[in-house]
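Now for the letters of each chain:
There are 2 protein chains.
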Amino acid sequence: MVGPTRFMTLLTCCELGVIDALRKNGRMTAAELGEAVGAKPDAVEQLLFLLVKEDFLRYDEEAGAYFPGPFFGGIPEPALQHVVSFLNMIKVVMLRQIFYLTESVKTGTVVGLDKLFGFQGNLYEAAAGEHTELREAWAPMMDGVTGQNDPWFWSNVDIPAGSKVLDLAGNTGFGAILTYRNNASPGLHVTTFDLPEKEAPSLENFRAHGVEEHCSFIGGDVFDGVPKGFDVVLIKNFLDMWDREDVLRILTGVNEALEPGGRVNILVPVYPEDIKDPASAGVDFFPAYFLGCTMGKGGPQKMSTYRRWLEECGFTVTKTVAQDLSTMPGALVAHGILCATKA
Amino acid sequence: MVGPTRFMTLLTCCELGVIDALRKNGRMTAAELGEAVGAKPDAVEQLLFLLVKEDFLRYDEEAGAYFPGPFFGGIPEPALQHVVSFLNMIKVVMLRQIFYLTESVKTGTVVGLDKLFGFQGNLYEAAAGEHTELREAWAPMMDGVTGQNDPWFWSNVDIPAGSKVLDLAGNTGFGAILTYRNNASPGLHVTTFDLPEKEAPSLENFRAHGVEEHCSFIGGDVFDGVPKGFDVVLIKNFLDMWDREDVLRILTGVNEALEPGGRVNILVPVYPEDIKDPASAGVDFFPAYFLGCTMGKGGPQKMSTYRRWLEECGFTVTKTVAQDLSTMPGALVAHGILCATKA
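Those protein sequences? They're chains A and B, same order as listed.
Under full-length UniProt numbering, the letters of the first sequence match residues 1 to 343, in that order.
Under full-length UniProt numbering, the letters of the second sequence match residues 1 to 343, in that order.
Keep in mind the hints are simulated off the structure, nothing from the lab.
Where is the CB? At the ideal position from N, CA and C, for every residue including glycine.
Where hints are given, some of them may not hold.
Within a straight-line C-alpha distance of at most 20 angstroms, the following computed EDC-like cross-link-like pairs (lysine to aspartate or glutamate) qualify [what the hints assert, rightly or not]:
no. : chain 1 : residue 1 : chain 2 : residue 2
1   : B       : K106      : A       : E212
2   : A       : K276      : B       : D274
3   : B       : K276      : A       : E212
4   : A       : K342      : A       : D324
5   : B       : K115      : B       : E125
6   : A       : K24       : A       : D60
7   : B       : K164      : A       : E212
8   : B       : K228      : B       : E259
9   : A       : K115      : B       : E125
10  : B       : K342      : B       : E312
11  : B       : K106      : A       : D60
Listing some non-contacts, in silico: residues in chain A with all C-beta distances to chain B over 10 angstroms [as the list claims (entries may be wrong)]:
no. : residue
12  : H189
13  : A281
14  : D284
15  : K297
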């Protein structure tokens with residue numbers, strides 16, 4: 001019951017500047033904090049009860065002074081910014097939209113985007129278009145996630161020298177650029193495959209990053225077929241957007257486009273094999289995110305489910321690796337890598 | 001981070017009818033549930049991961065069937081309805097409004113009511129007026145809370161026979177009616193004191209309940225003074241709406257209106273003396289409720305704080321009693337009773 005209020009009470013302490021003030025000044029009373037952030041001390045005191053309860057802050061009863069607990073006292077500024085960007089994404093993109101979660105589940109559409117922004121479609125379309133509020137909340141969070149996951153992905157995935165690589169649903173080309181940079185070899189060529197309207201920004205990004213000789217773009221819809229002639233297909237942060245039948249269509253399309261021995265490398269959030277594992281908050285977060293806020297459908301699966309689906313679509317799985325959440329402080333959910341070869 | 005999503009995922013399973021279907025039918029697959037509630041089985045499966053994680057439901061992997069866990073399997077229908085009415089209040093009254101919590105704290109007004117409903121004022125005014133959506137979500141929850149607290153209050157509070165009782169901020173007279181019924185004695189008279197616009201509905205309620213000879217109404221604003229001539233003043237579910245300075249004005253006004261030896265009996269939610277007590281979710285819930293959704297200010301205090309404020313205002317505290325949350329399954333926060341006498 002108290003999930004929404006706990007969330008917003010914490011974020012409001014960040015938004016008001018209470019946390020910054022305490023990190024800067026060390027110890028402050030409610031009266032000093034109220035003056036510093038432009039709020040009534042009574043209200044500051046009410047908000048800070050929870051932060052004391054959860055040991056985010058500590059309270060010196062004798063002096064009436066608050067000071068940072070271990071988390072806010074110790075976290076470096078960039079890491080704190082990443083946490084706050086995640087909280088802000090949840091607030092801006094999700095908090096109001098999930099009011100309509102039941103309607104979204106029933107209709108298979110993102111009812112919240114329609115009701116709140118007058119937008120019919122999915123979050124990615126809305127954020128790519130005129131809805132700057134959504135883009136500005138979503139993009140920094142996603143950049144942070146990519147920044148965490150990309151080095152890990154490339155430390156686990158091998159692209160043979162001189163490969164022709166297809167980055168499926170590669171958006172505006174950044175995935176292709178990073179693929180080239182992380183695997184540069186004579187003859188390596190990376191092609192972004194996405195909807196035709198992504199071509200111009202992709203080509204511009206290739207030029208801006210000086211990789212226009214090694215990267216190119218093919219426009220199309222993955223559900224109409226996957227381009228042929230590639231040795232390796234990458235599917236990053238994409239399968240979790242779709243229901244089972246669509247994932248099978250995508251994987252079947254990739255299988256049909258590859259020659260025997262051709263490879264697919266997948267990056268996707270995964271639920272833990274033991275759903276009750278308290279270390280993962282994936283099932284706490286993603287169903288509402290995908291069903292209610294972004295797609296009106298989809299959601300991640302367990303690694304074993306993706307493995308089974310790959311095999312159903314004619315692949316031999318050669319490697320699976322899941323992130324270890326115990327080594328990732330603050331991360332909500334582990335991503336997984338699945339590498340497979342066309343049988 | 002996952003508070004809002006956990007909350008709405010659970011409530012959506014109730015709203016869709018998944019819980020009702022499983023309580024009625026015992027065991028169902030995602031496909032059967034999808035058909036029963038009019039949603040895609042893939043989406044049902046995504047939502048139910050969390051309910052399995054938290055043991056609200058259980059999953060028979062071999063049969064692919066879900067069935068109720070101990071909570072949903074055991075809770076009687078009326079108790080379940082009360083829980084769902086609380087979840088629904090949080091959704092309708094709070095989930096969208098707390099988006100504006102920071103702005104509400106800064107301005108001391110309920111910015112969410114203005115932004116979402118075009119209403120300037122507090123929740124109680126909005127719900128009493130044209131905003132039926134808010135009233136219909138708030139009133140059943142509040143009725144349930146009153147139903148839980150009223151017998152407990154009267155088992156702890158003694159009204160001397162023949163007293164003249166003032167029910168401070170008594171709204172439309174129901175508190176006066178219950179006070180009379182629970183304490184009927186020759187000469188007992190209970191007066192509701194509230195804003196003048198509550199007079200007509202109060203008198204109508206007194207007549208409808210046949211207590212018009214024992215109950216009456218005085219119109220006025222507690223901050224302009226409290227009527228004199230009463231032996232006992234009741235202050236129920238009211239002090240928690242105000243900041244310290246306002247609580248002190250209310251208590252001082254009551255003290256000035258009473259003769260020495262006159263009594264005040266207070267019912268109010270209280271935070272635990274040890275704020276870190278995990279059994280109470282008061283500080284998790286009320287700051288966002290009062291600051292962001294109802295008043296733009298206020299919030300409960302610890303029993304010891306109310307006791308100190310009563311003493312500051314010229315009272316001798318004769319009794320304090322707090323609810324024991326361990327005996328109240330499902331309750332978020334303990335209420336307290338404070339009885340005091342004018343010194």
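Hint by hint, here is what the structure shows:
no.: 1; hint: B:K106 / A:E212; result: violated, 50 angstroms
no.: 2; hint: A:K276 / B:D274; result: violated, 31 angstroms
no.: 3; hint: B:K276 / A:E212; result: violated, 58 angstroms
no.: 4; hint: A:K342 / A:D324; result: violated, 28 angstroms
no.: 5; hint: B:K115 / B:E125; result: holds, 16 angstroms
no.: 6; hint: A:K24 / A:D60; result: holds, 17 angstroms
no.: 7; hint: B:K164 / A:E212; result: violated, 89 angstroms
no.: 8; hint: B:K228 / B:E259; result: holds, 8 angstroms
no.: 9; hint: A:K115 / B:E125; result: violated, 26 angstroms
no.: 10; hint: B:K342 / B:E312; result: holds, 11 angstroms
no.: 11; hint: B:K106 / A:D60; result: violated, 25 angstroms
no.: 12; hint: H189; result: holds, 36 angstroms
no.: 13; hint: A281; result: violated, 5 angstroms
no.: 14; hint: D284; result: violated, 4 angstroms
no.: 15; hint: K297; result: violated, 7 angstroms
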